[in-house]
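Enquirer: Single-letter residue listing:
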Amino acid sequence: MGNPGLRLDMKKSVPFAIVAAALAAVAFLPRFASAYSVVFCSSVIMYAALSLSYAMFSGPTGYVSLATAAFFGVGIYTSAFFGKSLPLPALMIAGGVFSSVIAFAVGAITLRLRGVYFTIFTFGLVELLKHFVLWTETTFAGTRGRTVASFGSVTVFYCMLALLTALLLAAFLLRRSRVGKALSAIGESEDAAAHIGINTTAVKLLAFSLSSFAMGAAGAVMATRWAYIDPGIAFNSLMSFMPALMAIFGGTDRLLGPVAGAIVFAALEEQLITRFPSLYMIIFGAIMIAAILFMPSGVTGLIRRRPAKRKEDVPVGDS
Amino acid sequence: MLKVKGLNVAYGGVQALWDVSIEAGEGEIVALLGANGAGKTTLLNAITGVIPALSGEAEFEGRRIDGMKSAELTEWGIAYLPEGGRLFPDMTIRENLEMGAFPRRMWRERAKRLRDVYAMFPKLREREKQLARTMSGGEQQMLAMGRGMMSNPRLCLFDELSYGLAPIMVDEVFGIVRSLRERGITVLMVEQNAYQTLELADRAYVLENGRVTLGGTSAELLGDDYVRKSYLGL
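Top line first, the protein sequences correspond to chains A and B.
For what it's worth, the working numbering labels the leading residue of the first sequence as 246, then goes sequentially.
For what it's worth, the working numbering labels the leading residue of the second sequence as 1267, then goes sequentially.
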């Protein structure tokens, strides 16, 4: 954690190599796997990207954001508007940029709020955008939904994989950076962080916009798979909850936590939805409660390497 | 160096400071003494702009500092340690220290600053991987001081450094303050522990009900009948 610069020692480059190998292996999947597997894997990777971008901001700061669906939806509508004139990578960038711009504007107003007030506002943002888009579409375009150009499932797969790879790298670099440390400091004690000279609003704003970029990019890709979208599909609040739950389940202390959470949850969702369609949400909820009770730091929190954690029952300020 | 002129501060209509003027010269240790509620912490908060003043000003090296944000204060060489230090409990000692060099210009030099601070506080180096929450109160106070030193300040504002510490830790903490003077750092410290503070400080002010009622060198105050009776219990 403490090494300055980007020097990688042997111990740290091993997980790095494993992740790179795993991503490379996944990249060969469309060569031999069934069409269904490719589509399913695209969904898993999408969830991993959303969950990781959620964890990028909410993990260290502890600010629970339920705006994921809002930025995802902005990406979806980017593809709906420009899908017929732009290639998919350009749509991803455009979706990301639009999402970041909106995140910046919204964050500038709301990141002064703390705790549950921030969460409530971010949740409201999803509904706000949904109804705003619905109103503009019905009023000006005279339509409710739109068709989106398709690029084929293999293109979607590779674009998602590229997004996840870039995101892993970005999250890794952010975590080691000065801003990344400031984000953790804000999560530990926002007053103390402000006190030692961290411009907390600016740091939060930067991370919030950065994380929403990936959400918008993911939305731009997924829209092309759905062929038809409307505000209800694009701004579905489940897309706010799922990435947050996956990140909590996997653990936000490690980069791979949200990815692990996404893989487990997406596989679980697929199984439960096909086998127990009516009980699916109940089973899901029970697993989530158990996870929070027994693994407060998530799956990756179980394999913890932090030193001096044993004496943690000594409260702060006790002499 | 530090000049505070005619500061008036009110909290929700109740005036807490009345026309307070104090000064601290370069490399001087200046103490603010007074009972609970006399306005000592309020004065530090007003100097650092945590609370706005009704009138008056605070300047450091000729620059107004009372309206500055804490990020700017750090960059202009001012470290303010509020009571209790405000550490990051789940970060290691080393991580806490590194955060003290957050402003961009200092961040690049943090390895050098860290060596410097470890030289001042060897105990912190020995335990750099320990979490801040697992330290004793005195050690946490040391860490808070060390984190303040990471930004290489020229002026330190300390609020109740000795509060809640065992006597042996008070000696140690005051010893560090003395070493700051040797480095030419100006110190303005709020204390209730009048006797030990006057032995350490060069000069001191007495605050009572929001007004400066006395000021002078430590020797003068130690010899003052009123101070001896009211603050030293002699």
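These are calculated hints, taken from the structure and not from any lab test.
Incorrect hints may have been included.
Claimed, not checked - Reference excerpt, derived from the structure (chain B facing chain A, CB under 10 Å, subset only):
{"hint": "1", "residue": "1272"}
{"hint": "2", "residue": "1274"}
{"hint": "3", "residue": "1278"}
{"hint": "4", "residue": "1320"}
{"hint": "5", "residue": "1322"}
{"hint": "6", "residue": "1323"}
{"hint": "7", "residue": "1332"}
{"hint": "8", "residue": "1347"}
{"hint": "9", "residue": "1352"}
{"hint": "10", "residue": "1385"}
{"hint": "11", "residue": "1386"}
{"hint": "12", "residue": "1414"}
{"hint": "13", "residue": "1417"}
{"hint": "14", "residue": "1418"}
Said to hold, decoys possible - Simulated restraints on C-beta separations:
{"hint": "15", "chain 1": "B", "residue 1": "1335", "chain 2": "A", "residue 2": "260", "range": "45 to 53 Å"}
{"hint": "16", "chain 1": "A", "residue 1": "417", "chain 2": "B", "residue 2": "1382", "range": "38 to 46 Å"}
{"hint": "17", "chain 1": "A", "residue 1": "362", "chain 2": "B", "residue 2": "1349", "range": "43 to 51 Å"}
{"hint": "18", "chain 1": "A", "residue 1": "346", "chain 2": "B", "residue 2": "1394", "range": "51 to 59 Å"}
Here a beta-carbon is modelled for each residue, glycine too, at the ideal position from N, C-alpha and C.
Enquirer: Hint by hint, note whether the structure agrees.
Expert: Results for each hint:
Among the interface hints, the one on residue 1272(B) is violated; its C-beta lies about 26 Å from the nearest C-beta in chain A, farther than the 10 Å criterion. The interface hint given for residue 1274(B) is violated, since its Cβ lies 24 Å from the closest Cβ of chain A, which is over the 10 Å cut-off. For the restraint placing residue 1278(B) at the interface with chain A, the shortest Cβ-Cβ distance is roughly 20 Å, beyond the 10 Å limit, so the hint is violated. Nearest Cβ of chain A to the Cβ of residue 1320(B): about 23 Å, over the 10 Å cut. The hint is violated.
Taken as an interface hint, residue 1322(B) does not check out: its beta carbon lies about 23 Å from the nearest beta carbon of chain A, beyond 10 Å. For residue 1323(B), the shortest C-beta to C-beta distance to chain A is roughly 22 Å, which exceeds 10 Å, and the interface hint is violated. About 17 Å separates the beta-carbon of residue 1332(B) from the nearest beta-carbon of chain A, more than 10 Å, and the hint is not met. Here the hint on residue 1347(B) is kept, as its CB sits about 9 Å from the closest CB of chain A, short of 10 Å.
About 4 Å separates the beta-carbon of residue 1352(B) from the nearest beta-carbon of chain A, less than 10 Å, and the hint is met. Among the interface hints, the one on residue 1385(B) is violated; its C-beta lies about 18 Å from the nearest C-beta in chain A, farther than the 10 Å criterion. Among the interface hints, the one on residue 1386(B) is violated; its C-beta lies about 18 Å from the nearest C-beta in chain A, farther than the 10 Å criterion. Restraint check, residue 1414(B) versus chain A: the minimum CB separation of about 8 Å is within 10 Å; hint holds.
For residue 1417(B), the interface hint holds, since its Cβ comes within 10 Å of a Cβ in chain A; the closest pair sits about 7 Å apart. Violation of the interface hint for residue 1418(B) is found here, the shortest Cβ-Cβ separation to chain A being roughly 12 Å, above the 10 Å cut-off. Judged by the Cβ atoms, the range 45 to 53 Å given for residue 1335(B) and residue 260(A) is violated: they are separated by roughly 39 Å. For residue 417(A) paired with residue 1382(B), a C-beta distance near 30 Å fails the hint of 38 to 46 Å.
Taking 43 to 51 Å as the suggested C-beta distance range, the pair residue 362(A) and residue 1349(B) does not conform, at roughly 28 Å. At about 42 Å, the CB distance of residue 346(A) to residue 1394(B) disagrees with the hint of 51 to 59 Å.
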